[in-house]
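Novice: Listed below are the residues making up each chain.
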Amino acid sequence: GNSVTQMEGPVTLSEEAFLTINCTYTATGYPSLFWYVQYPGEGLQLLLKATKADDKGSNKGFEATYRKETTSFHLEKGSVQVSDSAVYFCALSAYRPGANFGNEKLTFGTGTRLTIIP
Amino acid sequence: DGGITQSPKYLFRKEGQNVTLSCEQNLNHDAMYWYRQDPGQGLRLIYYSQIVNDFQKGDIAEGYSVSREKKESFPLTVTSAQKNPTAFYLCASIDRGGTEAFFGQGTRLTVV
Numbered sequence: 001g002n003s004v005t006q007m008e009g010p011v012t013l014s015e016e017a018f019l020t021i022n023c024t025y026t027a028t029g030y031p032s033l034f035w036y037v038q039y040p041g042e043g044l045q046l047l048l049k050a051t052k053a054d055d056k057g058s059n060k061g062f063e064a065t066y067r068k069e070t071t072s073f074h075l076e077k078g079s080v081q082v083s084d085s086a087v088y089f090c091a092l093s094a095y096r097p098g099a100n101f102g103n104e105k106l107t108f109g110t111g112t113r114l115t116i117i118p
Numbered sequence: 001d002g003g004i005t006q007s008p009k010y011l012f013r014k015e016g017q018n019v020t021l022s023c024e025q026n027l028n029h030d031a032m033y034w035y036r037q038d039p040g041q042g043l044r045l046i047y048y049s050q051i052v053n054d055f056q057k058g059d060i061a062e063g064y065s066v067s068r069e070k071k072e073s074f075p076l077t078v079t080s081a082q083k084n085p086t087a088f089y090l091c092a093s094i095d096r097g098g099t100e101a102f103f104g105q106g107t108r109l110t111v112v
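Protein chains in written order, with my numbering: chain A, 1 to 118; chain B, 1 to 112.
Simulated from the structure, these hints should not be mistaken for lab results. Only a predicted model underlies this, so the values are computations on that prediction, with no experimental measurement involved. For each residue, glycine too, the CB sits at the ideal point set by N, CA and C. There are no misleading hints in this set.
Which residues of chain B face chain A? A partial, calculated answer using Cβ under 10 angstroms:
no., residue
1, Y33
2, Q56
3, G97
4, F102
The task is simple: from the sequences and hints, build the whole structure.
Specialist: So this is what it looks like as structure tokens:
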């Protein structure tokens with residue numbers, strides 16, 4: 001089955017530091033990859049996505065590149081801010097042509113709690 | 001604007017009571033999902049549905065029930081058989097190609 005392995009947290013960084021949160025996956029079919037962010041007490045917001053190999057998703061200064069050769073989708077940001085403090089989830093959905101309903105259920109990593117200190 | 005809406009935002013349940021959480025989407029997505037999140041934890045899959053009138057159990061389906069009579073709607077009932085229902089419940093929808101996946105804002109359920 002499909003799986004997502006995400007860097008364990010918590011991660012604590014100083015403001016303006018460089019951020020990397022690692023995410024690797026195993027999947028059959030043609031996976032789309034997602035990063036979601038969850039602020040305290042809220043639902044999950046889509047941060048960025050990539051739907052095919054070598055695509056780069058980007059949003060709010062965050063980036064992630066879909067690397068099929070290393071089955072990875074690492075999240076990066078060049079200079080983090082206190083407002084980036086949240087929990088980040090990596091996820092995948094794998095489309096299989098010819099399968100009964102076409103898409104696989106959404107599979108999540110365990111989440112990484114990020115705290116940025118001023 | 002297209003989106004996915006959960007209601008209510010907060011819900012209180014008495015012991016022995018069934019409660020139903022609403023999830024509606026107007027994104028024309030085929031698949032819908034219910035997840036449970038406990039404090040400081042990740043997401044656990046309760047039920048999912050990939051097509052109208054069909055649904056599958058997830059990893060923690062005991063004490064929950066769902067229906068999928070319309071493409072737009074996937075309500076979750078937390079029954080009295082669920083012994084520890086206090087949690088944050090999240091609904092998601094995804095398109096057939098698996099390239100779009102969005103979440104509602106969640107329902108926080110508390111047993112009183």
